[in-house]
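K.L.:
Which chain is which? The protein sequence lines are L and R, in order. If you use numbering that gives the first Met the number 0, the first sequence closes out at 111, no skipped numbers anywhere. If you use numbering that gives the first Met the number 0, the second sequence closes out at 225, no skipped numbers anywhere.
Just so you know, these hints were derived from the structure itself, not from any lab. Possibly wrong hints are sitting among the right ones.
[Said to hold, decoys possible] Subject to a maximum C-alpha distance of 27 Å in a straight line, what follows is the list of computed DSSO-like cross-link-like pairs (lysine-lysine):
hint	chain 1	residue 1	chain 2	residue 2
1	L	Lys-83	R	Lys-15
2	R	Lys-113	R	Lys-15
3	R	Lys-63	R	Lys-94
4	L	Lys-7	R	Lys-28
5	L	Lys-20	L	Lys-78
6	L	Lys-7	R	Lys-148
7	L	Lys-19	R	Lys-201
8	R	Lys-137	R	Lys-63
9	L	Lys-78	R	Lys-63
10	R	Lys-94	R	Lys-179
11	R	Lys-28	L	Lys-106
12	R	Lys-6	L	Lys-74
13	L	Lys-7	R	Lys-43
14	R	Lys-50	R	Lys-205
15	L	Lys-76	R	Lys-76
16	R	Lys-25	R	Lys-43
17	R	Lys-171	R	Lys-161
18	R	Lys-225	L	Lys-7
19	R	Lys-15	R	Lys-225
20	R	Lys-28	L	Lys-20
21	R	Lys-43	R	Lys-225
22	R	Lys-224	L	Lys-75
23	R	Lys-205	L	Lys-79
24	L	Lys-83	R	Lys-161
25	L	Lys-7	R	Lys-137
26	L	Lys-83	R	Lys-57
[Claimed, not checked] Calculated from the model, a selection of chain R residues having no Cβ within reach of chain L, i.e. all distances over 12 Å:
hint	residue
27	Lys-25
28	Asn-40
29	Pro-74
30	Val-118
31	Gln-155
32	Ala-207
Beta carbons: idealized from backbone N, C-alpha and C, even for Gly.
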Amino acid sequence: MINTFDEKILDEAYQWIELKKTVILATVIQTWGSSPRPIGSLMIVNDTGDFSGSVSGGCVEGEVVRQCLDLMKDKKKFKKIEFKVSNESAWNVGLACGGEIAIFLEKFSDAD
Amino acid sequence: MQINILKDIINLKNSKKEFSVITNIKTSKSYIFFINKHIDNDLKKFETQIKGLYNSRKDGMINKTDLFIKHYHRPIKVVIVGAVHISQFFVEYAKSLNLDIYIIDPRGYFASEKRFPNVKVINLWPQEAFEYCPLDDKTALIALTHDPKIDDPAIQEALNTKCFYIGALGSKKTHENRCKRLIENGFKEHDIKKIFGPIGIKFGGKSAPEVALSIIFQLMTEIYKK
């Protein structure tokens, strides 16, 4: 039997959209090595920089928020980002576990 | 992902459906997949792989494609007999877990909505209540009244329907007596041994929230074993 915890995060994303906020959904789509959160983990970020959920054990969330805020200003509606130990910015934000993760960012807004 | 798909996922989750969401990471277009429904033409080529991943419930990129699949699981049904103090904490702790909780208690003063807001409380004797929430091998039954009049019929039904987890509150002595009554009622010792009694993982705590926690821990352990 497989159980997951009951993620209310998509409900929360929708509430933000209804409040006319731009929201980015970040999904862990690939992991290599020892990554703290499994594939499928979700995090959301809105245009005021509030975030909910997690894509790591707190190691890269700050950088993900920054990337999400950049994407909000961009015409692009989606983007794949990766964090590797060899990647300098990841090292700075500290994916200290030695794992690697790929995250898919998708933008939502009330105008969609 | 399209905004209407996001809305659909929320609604499907609330109606406790089991499904998967497939997203093309090159286009951001998402599709909802149901095992028993027609698959979208865009995904037709990958149907075998998708079905395989659905059955193994594995989230991830579909091999050699730009498709990412994430599964949404139906919550596990937990039927608690006894709208008691421990049950209140159980409900509180279980909020973030994917459990579908029913509480049965024939005693109206226990089974009140005030004590259990937003929970499905059935104010009937277990035998009658099971018409509304039938037990099966994917259901957990937790008996907490330690009143044989209420707990025993519920445990018997749980044994008959092969609930994957059966736990019963009470001391060792209470549980021994319970087992004797079950033997007298024709149940096999082999099946009776599957009952977790006294319920919960022993860690020293005896207060209602601590017992609730120990039950949740034991239940979740059994869920992952199955």
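K.L.:
It remains to establish, for every hint, whether it holds in the given structure.
P.N.:
We went through each hint and held it up to the structure:
1. L/Lys-83 x R/Lys-15: This hinted pair is violated, its Cα atoms lying about 37 Å apart.
2. R/Lys-113 x R/Lys-15: This hinted pair holds, its Cα atoms lying about 25 Å apart.
3. R/Lys-63 x R/Lys-94: violated, 38 Å
4. L/Lys-7 x R/Lys-28: holds, 22 Å
5. L/Lys-20 x L/Lys-78: holds, 19 Å
6. L/Lys-7 x R/Lys-148: violated, 39 Å
7. L/Lys-19 x R/Lys-201: violated, 49 Å
8. R/Lys-137 x R/Lys-63: Outside the cut-off at roughly 35 Å; violated.
9. L/Lys-78 x R/Lys-63: holds, 19 Å
10. R/Lys-94 x R/Lys-179: violated, 36 Å
11. R/Lys-28 x L/Lys-106: holds, 12 Å
12. R/Lys-6 x L/Lys-74: holds, 23 Å
13. L/Lys-7 x R/Lys-43: Not OK: L/Lys-7 and R/Lys-43 at ~31 Å, beyond 27 Å, violated.
14. R/Lys-50 x R/Lys-205: Distance of about 46 Å is beyond 27 Å: violated.
15. L/Lys-76 x R/Lys-76: Cα-Cα ~38 Å, so violated.
16. R/Lys-25 x R/Lys-43: Roughly 18 Å separates the two Cα atoms, so the pair holds.
17. R/Lys-171 x R/Lys-161: holds, 23 Å
18. R/Lys-225 x L/Lys-7: holds, 25 Å
19. R/Lys-15 x R/Lys-225: It holds: about 20 Å lies between the C-alpha atoms, which stays within 27 Å.
20. R/Lys-28 x L/Lys-20: holds, 21 Å
21. R/Lys-43 x R/Lys-225: Outside the cut-off at roughly 32 Å; violated.
22. R/Lys-224 x L/Lys-75: Roughly 44 Å separates the two Cα atoms, so the pair is violated.
23. R/Lys-205 x L/Lys-79: Judged against 27 Å, a Cα distance of about 49 Å means the pair is violated.
24. L/Lys-83 x R/Lys-161: violated, 47 Å
25. L/Lys-7 x R/Lys-137: holds, 23 Å
26. L/Lys-83 x R/Lys-57: holds, 23 Å
27. Lys-25: violated, 9 Å
28. Asn-40: holds, 22 Å
29. Pro-74: violated, 7 Å
30. Val-118: holds, 14 Å
31. Gln-155: R/Gln-155 is indeed farther than 12 Å from all Cβ atoms of chain L, at 23 Å.
32. Ala-207: Check passes; 23 Å lies beyond 12 Å.
Against the hints set out earlier in the document, violations occur for numbers 1, 3, 6, 7, 8, 10, 13, 14, 15, 21, 22, 23, 24, 27, 29.
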